[in-house]
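2 protein chains.
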Amino acid sequence: MSDAFIAVDWGTTNRRAYHIDNGHVVSSERDEMGVLSVPPGGFPAQVAALRDRFGSLPVLMAGMVGSNRGWYDAGYVACPATIEILAAAVVESEPGVSIVPGVSVDTSSRVDVMRGEEVQLLGAVAAGLAPMDAMICQPGTHNKWATLQQGALIDFTTAMTGEMFAVLKAHALIGSEMGGEVDADASFDAGVAASADEDLLAALFGVRAASVLGRRKPGEAAAYVSGLLIGSDCRARLRQSRQTVHLLADGLLSRLYTAAITSVGGQAVVVDSHASFVAGITRIRDLMR
Amino acid sequence: MSDAFIAVDWGTTNRRAYHIDNGHVVSSERDEMGVLSVPPGGFPAQVAALRDRFGSLPVLMAGMVGSNRGWYDAGYVACPATIEILAAAVVESEPGVSIVPGVSVDTSSRVDVMRGEEVQLLGAVAAGLAPMDAMICQPGTHNKWATLQQGALIDFTTAMTGEMFAVLKAHALIGSEMGGEVDADASFDAGVAASADEDLLAALFGVRAASVLGRRKPGEAAAYVSGLLIGSDCRARLRQSRQTVHLLADGLLSRLYTAAITSVGGQAVVVDSHASFVAGITRIRDLMR
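Which chain is which? The protein sequence lines are A and B, in order.
Residues 31 to 319 (the working numbering) make up the first sequence, in order.
Residues 31 to 319 (the working numbering) make up the second sequence, in order.
Any given hint might turn out to be false.
As the list claims (entries may be wrong) - Here are a few chain A residues that sit away from chain B, every Cβ distance over 12 angstroms (derived from the structure):
#1 H49
#2 Q76
#3 A78
#4 G85
#5 Y102
#6 A118
#7 S123
#8 D163
#9 D213
#10 P248
#11 Q270
#12 T274
#13 V299
As the list claims (entries may be wrong) - Derived CB-CB ranges, DEER-like:
#14 A:E228 / B:P248: 26 to 34 angstroms
#15 A:P110 / B:D61: 56 to 64 angstroms
#16 B:D136 / A:G281: 33 to 41 angstroms
#17 A:P110 / B:A216: 30 to 38 angstroms
#18 A:E59 / B:E62: 46 to 54 angstroms
#19 B:D136 / A:V300: 34 to 42 angstroms
#20 A:R272 / B:R272: 31 to 39 angstroms
#21 A:E124 / B:N44: 53 to 61 angstroms
#22 B:G105 / A:T43: 44 to 52 angstroms
#23 A:R60 / B:D280: 52 to 60 angstroms
#24 B:P248 / A:R60: 30 to 38 angstroms
#25 A:Q270 / B:G244: 30 to 38 angstroms
#26 B:A223 / A:T43: 32 to 40 angstroms
#27 A:A223 / B:V56: 51 to 59 angstroms
Bear in mind the hints are in silico, worked out from the structure with no lab data behind them.
Only a predicted model underlies this, so the values are computations on that prediction, with no experimental measurement involved.
We treat Cβ as the ideally placed atom computed from N, Cα and C, and that holds for glycine.
Whenever a hint applies, use it, and build me the whole structure from the sequences.
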């Protein structure tokens with residue numbers, strides 16, 4: 031019996047599908063058919079189309095497809111979560127099509143939720159890409175900071191760092207100054223340094239004041255604001271010095287978070303997020319059979 | 031010679047006009063003819079219309095009417111600013127019509143700007159409504175925290191507290207949970223308490239998680255977010271305990287800031303903002319003659 035299957039990392043705005051056989055990616059595709067782009071009742075047809083392309087295989091999905099805005103609400107398992115617990119809680123949306131649940135923090139003092147990131151997080155550990163005891167950061171719209179202990183996801187915190195940047199750029203008064211490119215440059219570093227004041231609301235207005243008084247070059251504000259937000263996020267998480275953070279990111283976000291983590295006294299180790307997802311979803315599939 | 035004049039507090043979206051004689055308000059009006067509602071070249075006609083209603087008197091204005099988006103850029107005077115310095119820097123936009131400049135903080139380490147608030151701040155002190163040495167807070171879209179020393183405005187900080195609330199409510203994912211009423215209630219207090227973590231980006235996402243997990247009643251999130259933002263703002267400003275803050279606010283903002291300032295260990299004293307403006311603009315007018 032072949033252990034080939036189709037794995038789908040199905041987010042709000044994007045989707046990544048993999049044809050996996052014996053733990054190896056045979057082929058993959060990425061498109062913008064996120065759950066918000068699928069019309070009501072349209073998920074079975076989407077899965078049929080995936081099977082037309084990849085073969086008539088079992089399908090295992092993770093991400094927002096398992097939310098109340100997706101196909102079928104797969105619920106949450108509470109921390110501490112392991113890959114075995116996730117595999118045992120997988121639900122079927124139709125025969126041969128399964129969805130991995132999300133993970134929650136649900137204590138009297140604090141609540142949090144993730145959906146989709148858990149496969150990458152536990153997959154990184156399963157694949158040996160991150161140690162059994164680790165702090166792992168997944169930068170994005172809703173940035174996840176996860177604590178792994180003995181291979182289990184015991185706690186995590188979500189920061190709306192990416193969404194805050196997007197909302198400020200599109201809708202705040204300072205958005206009109208934020209047209210420039212963002213990279214891990216001197217303006218970004220200045221923002222990270224300014225985040226040490228722990229006074230985000232005042233620092234953000236400072237962008238406007240600097241513009242009015244001609245104290246910052248046009249085009250530098252976007253990187254500064256990015257540094258301010260990512261710096262605030264990293265400082266709130268890295269309360270002990272020399273903390274190592276495993277970073278599930280590539281491209282620009284990998285550069286920005288590496289720079290900010292280093293600036294605030296931590297060490298960043300970049301981990302391949304696609305390999306982590308493939309390792310995690312394959313391990314869940316193996317445990318289901 | 032009568033010392034009657036027309037004073038206008040002319041902001042971005044609102045305008046308040048006063049007919050003042052011998053320091054007393056004869057009549058006043060408030061409308062939504064902020065500078066953004068005045069068509070290009072339309073300011074002289076607006077002033078003529080004010081004179082039709084209040085009499086053919088000299089006009090003295092403050093606020094965004096003196097910005098590059100208003101009638102005539104009245105510039106800024108740098109801190110430390112006194113009411114005498116403001117009066118000496120008043121500019122004429124046409125004969126008999128004058129505009130008070132804004133105030134800036136412009137040092138190598140920090141910049142900030144205000145325009146319009148300076149008349150209230152220095153007026154509060156001139157009228158004896160606030161002491162010569164005071165911390166004064168003017169809540170609003172861009173919240174001002176001013177340090178007065180020996181009657182001079184020596185420093186201030188602007189926090190985008192009000193704008194942040196509005197932008198989150200209108201455009202963030204958590205905005206859909208923020209439909210409820212805001213008041214100084216238990217939800218607001220919980221937000222102020224949560225702001226002690228100094229982790230705004232994570233606390234804001236927590237609003238979403240609490241909603242997904244059913245841990246906060248619908249309608250309570252708006253007051254909680256308001257408490258989180260105003261609490262963060264007050265904590266960043268009240269670094270010493272038992273600090274007294276004079277609050278130029280009325281209505282809801284007065285209640286919210288009084289509650290937050292008290293929660294974080296300070297003392298709030300509410301000051302009449304309209305009386306402060308009238309005292310300040312009258313003093314500037316007297317010094318000009």
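(message) So, against the hints stated earlier in the document, which numbers end up violated here?
(response) Failing hints: none at all.
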